[in-house]
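Heads up: the sequence lines are chains A and B, in that order.
The numbering of the first sequence is the working numbering, which starts it at 74 and goes up by one.
The numbering of the second sequence is the working numbering, which starts it at 74 and goes up by one.
In short, the hints are calculated from the structure, not lab data.
Heads up, a few of these hints could be off.
Repeated chains share a single entry, so a pair holds when one copy, or any two copies, can fit it.
Said to hold, decoys possible - In silico DSBU-like links for lysine-lysine, alpha-carbon gap of 35 Å or less:
| no. | residue 1 | residue 2 |
| --- | --- | --- |
| 1 | K227 | K132 |
| 2 | K416 | K374 |
| 3 | K374 | K138 |
| 4 | K344 | K370 |
| 5 | K232 | K325 |
| 6 | K344 | K165 |
| 7 | K150 | K432 |
| 8 | K416 | K384 |
| 9 | K384 | K325 |
| 10 | K432 | K127 |
| 11 | K165 | K432 |
| 12 | K354 | K426 |
| 13 | K344 | K384 |
| 14 | K325 | K227 |
| 15 | K370 | K150 |
| 16 | K242 | K344 |
| 17 | K315 | K227 |
| 18 | K416 | K370 |
| 19 | K321 | K138 |
| 20 | K432 | K242 |
| 21 | K416 | K165 |
| 22 | K370 | K138 |
| 23 | K432 | K159 |
| 24 | K322 | K418 |
| 25 | K127 | K325 |
| 26 | K432 | K321 |
| 27 | K418 | K321 |
| 28 | K418 | K138 |
| 29 | K159 | K354 |
If you're wondering where the values come from, they're calculated on a predicted model, not measured in any experiment.
Number of protein chains: 2
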Amino acid sequence: MGGTDQVRSTRRSPATTNGGDMWQNPEGAPKNLASDAIINLDHGDPTMYVPFWKSIGDKCTVVFKGYESLSYFSNPKNPCWFLEPKLEESIKRLHGAVGNAVTDGYSIVVGTGSSQLLQAVLYAVTSHDQANPINVVSAAPYYSSYPEIMDLVKSGLYKWGGDAHGFDKDEPYVELVTSPNNPNGVIRGAVVNRGGILVHDLAYYWPQYTPITSSLDFDVMLFTASKCTGHAGSRIGWALVKDQEVAKKMTKYMEVTTIGVSKESQLRVAKILQVVADGCKRFGSPDGDNFFEFGQKMMAKRWEILRETVKKTQMFTLPKFALQHCTYFGELTQAYPAFAWIKCKEGIEDCEKLFRGHKILTRSGRRFGSDPAFVRGSSLYIMRQHSGWSFISAGAPRNKGL
Amino acid sequence: MGGTDQVRSTRRSPATTNGGDMWQNPEGAPKNLASDAIINLDHGDPTMYVPFWKSIGDKCTVVFKGYESLSYFSNPKNPCWFLEPKLEESIKRLHGAVGNAVTDGYSIVVGTGSSQLLQAVLYAVTSHDQANPINVVSAAPYYSSYPEIMDLVKSGLYKWGGDAHGFDKDEPYVELVTSPNNPNGVIRGAVVNRGGILVHDLAYYWPQYTPITSSLDFDVMLFTASKCTGHAGSRIGWALVKDQEVAKKMTKYMEVTTIGVSKESQLRVAKILQVVADGCKRFGSPDGDNFFEFGQKMMAKRWEILRETVKKTQMFTLPKFALQHCTYFGELTQAYPAFAWIKCKEGIEDCEKLFRGHKILTRSGRRFGSDPAFVRGSSLYIMRQHSGWSFISAGAPRNKGL
């Protein structure tokens, strides 16, 4: 959500769709690039963080014995009875160490990724007695999966209401505020401002992607391990929820739909977040164990290549981000979003088609409620040396060890 | 589902609700029982299998390093792209070794427990173009969570249609066939028989609970690790699906709602199922590594205590099960269901109230679309020595080391 990314027709290969086994290694970088390879920048698989996790050795290793974690229950004393206490503790520690969100006074609800938590929030803030489903809106360009999530089972509780900019109904609504925004990396606030229910999707509000400017304290804040630490395969998201009753109803949703959340994933992510929190204040450490420092450097490098390439082509424009004081790094920093929101120059109406013609898969602006002159390209999945961005300029040589 | 069990108002303590820490150990047996303890047999937490898993040592131990399993993808070549190949292989091996379900020609879809898979099936077999939601029915007594799952978000695709026995509409329908049935352990078939879509919930079709009489080959068959091996905390279910298109749509549902299923849980359950399959043909082994043999002995012991107790009280009746030839054990065996469907003697109208008066929490027959003269009690959560069933006779002494 905001952070996660659903895989559509292109899913058969995470990196390319030429079927070459060379590309079937989602955990590592490809060794070569065939001349007919299709580069898939459609979705954001955060395997780029693998080198960091390799570098820290066994600090994050977890072991499960056959007899452990059989019960449905993690903490019967917690209203969210399937939340592992260690995960709860790590989440609080990490937000404290990063300074990006307040946790005091909040209930934590864990989910199978943050997509499930979004559905849980919608269940929690609506009522079975409503005559009509409540509109759920988000300002365009919005995360392309929101409409699909909202309308999947034609719920009578909620429905996709489209671009928040165009929402003018005098009735209750839910507004999803994705910040930094997927696809364009922009820090956003609510746009409707008529007393609706706000859900803040903060998947990317971490120091490697954007300057941390304050510790947020919105009513409902969603996060996911997928984009925070890159552990997308674990499917762990969490919600910080101010209203206990909302948290309880969210828990109920999780109880009915999946009877809780994988204990193995929770315990593993607990360990990972703890290690990240421990390394948080060690900047420039020779151990190199500040994850966000590593992440930011990597993102900065990718954006440097991307901006250089785009400049050369003279065919595209990219968003610009102002320098801001980041409370985490204690200095002026730049945003390096996980996705690049690329606009074609005047005269090219279908940017996605243009890229596809050059065997680069991106996601059309249309899918985000925006203009087809835009595409979203993943900067998460770009390979370390063989950066997909290198191929943005049409006809760039392939298979040349770039 | 069928196998899993949602936790309601009683959830604050898995075993009892007296708040005593003595009972807050879901992985082990209580050491003592306070005189005012409330015994909770409302739900079925399968921690009774812990001793088996302790006995086999490190055979099932799994280790995850920090850099493993970051990607969303498990197998891009499989339409169910988030299914770990090792889990797929173990599922096939186990069904082959037990002989309870055919896997050749079936697609396997993994879910966050089988509840999610049931929702995925309903999404897969219905259409957005339907004018009205399709009725989903199941013969009473039916699994008490089905109505709640169906109507959770007031879907326009499907709705709970109640007891299948009373379904007489001349229109499409889905019938859930739970076999062995939760709550009463009975082997069942479809009852409507008018060409509807059948979903077989086979959570308990394993040798410790019921004689295996044939290798089933229904269109959609749901299983869960929770009741098969007792690893409920892992939240792993799987569906065997004959129609590839249905499997693809189920995968889509999982993709939109949770973007796949925890890799850690999948890999751990893969190992566990593999060990169970390996031990399957070693009956009476001095190593005692035949899980189903262990499970059946334990269930048989519990049912022996239960039947003795019920006989003494003269207040209740229990279902009777015919001896049948079990192809797994190669002999005549008895059913030992995970739940006991208890009927009060004539004149007692509310069996659940009677039990509650004696501080034993059960689930009323009403919740299963049946008569309040019935209750369902869990035989999974009963403690090893301090069997909850010992307290069925009213006023049985507590805290006596029974």
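Taking the hints in turn, this is what the structure says about them:
1. K227 / K132: Intra 45 Å, inter 46 Å, cutoff 35 Å: neither.
2. K416 / K374: Classified as within; 21 Å inside a copy, 70 Å across copies.
3. K374 / K138: between (41 Å within a copy, 27 Å between copies)
4. K344 / K370: within (23 Å within a copy, 38 Å between copies)
5. K232 / K325: Both. Shortest intra-copy (20 Å) and inter-copy (19 Å) distances satisfy the 35 Å Cα cut-off.
6. K344 / K165: both (13 Å within a copy, 33 Å between copies)
7. K150 / K432: between (54 Å within a copy, 20 Å between copies)
8. K416 / K384: Within one copy only: 13 Å inside, 78 Å across.
9. K384 / K325: neither (51 Å within a copy, 39 Å between copies)
10. K432 / K127: within (31 Å within a copy, 53 Å between copies)
11. K165 / K432: Neither: 43 Å inside a copy, 38 Å across copies.
12. K354 / K426: So K354 and K426 fail the 35 Å test inside a copy (45 Å) and across (57 Å) alike.
13. K344 / K384: Neither: 42 Å inside a chain and 51 Å across chains, both beyond 35 Å.
14. K325 / K227: Cα proximity of K325 and K227: in one copy and across copies (20 Å, 15 Å).
15. K370 / K150: For K370 and K150, the Cα distance is within 35 Å only across copies (33 Å; inside one copy 42 Å).
16. K242 / K344: Classified as neither; 46 Å inside a copy, 54 Å across copies.
17. K315 / K227: Answer is both; intra-copy 28 Å and inter-copy 26 Å each pass.
18. K416 / K370: Cα proximity of K416 and K370: one copy only (25 Å, versus 67 Å across).
19. K321 / K138: Close inside one copy (31 Å) and across copies (33 Å); limit 35 Å.
20. K432 / K242: neither (43 Å within a copy, 53 Å between copies)
21. K416 / K165: Answer is neither; intra-copy 39 Å and inter-copy 48 Å both fail.
22. K370 / K138: Classified as between; 23 Å across copies, 37 Å inside a copy.
23. K432 / K159: between (45 Å within a copy, 32 Å between copies)
24. K322 / K418: Classified as neither: same-chain Cα gap 48 Å, cross-chain 38 Å, threshold 35 Å.
25. K127 / K325: between (38 Å within a copy, 32 Å between copies)
26. K432 / K321: This pair counts as between: shortest inter-copy Cα distance 26 Å, intra-copy 47 Å.
27. K418 / K321: neither (49 Å within a copy, 38 Å between copies)
28. K418 / K138: neither (57 Å within a copy, 45 Å between copies)
29. K159 / K354: within (21 Å within a copy, 39 Å between copies)
Checked against the numbered hints above, the structure violates hints 1, 9, 11, 12, 13, 16, 20, 21, 24, 27 and 28; every other hint is satisfied.
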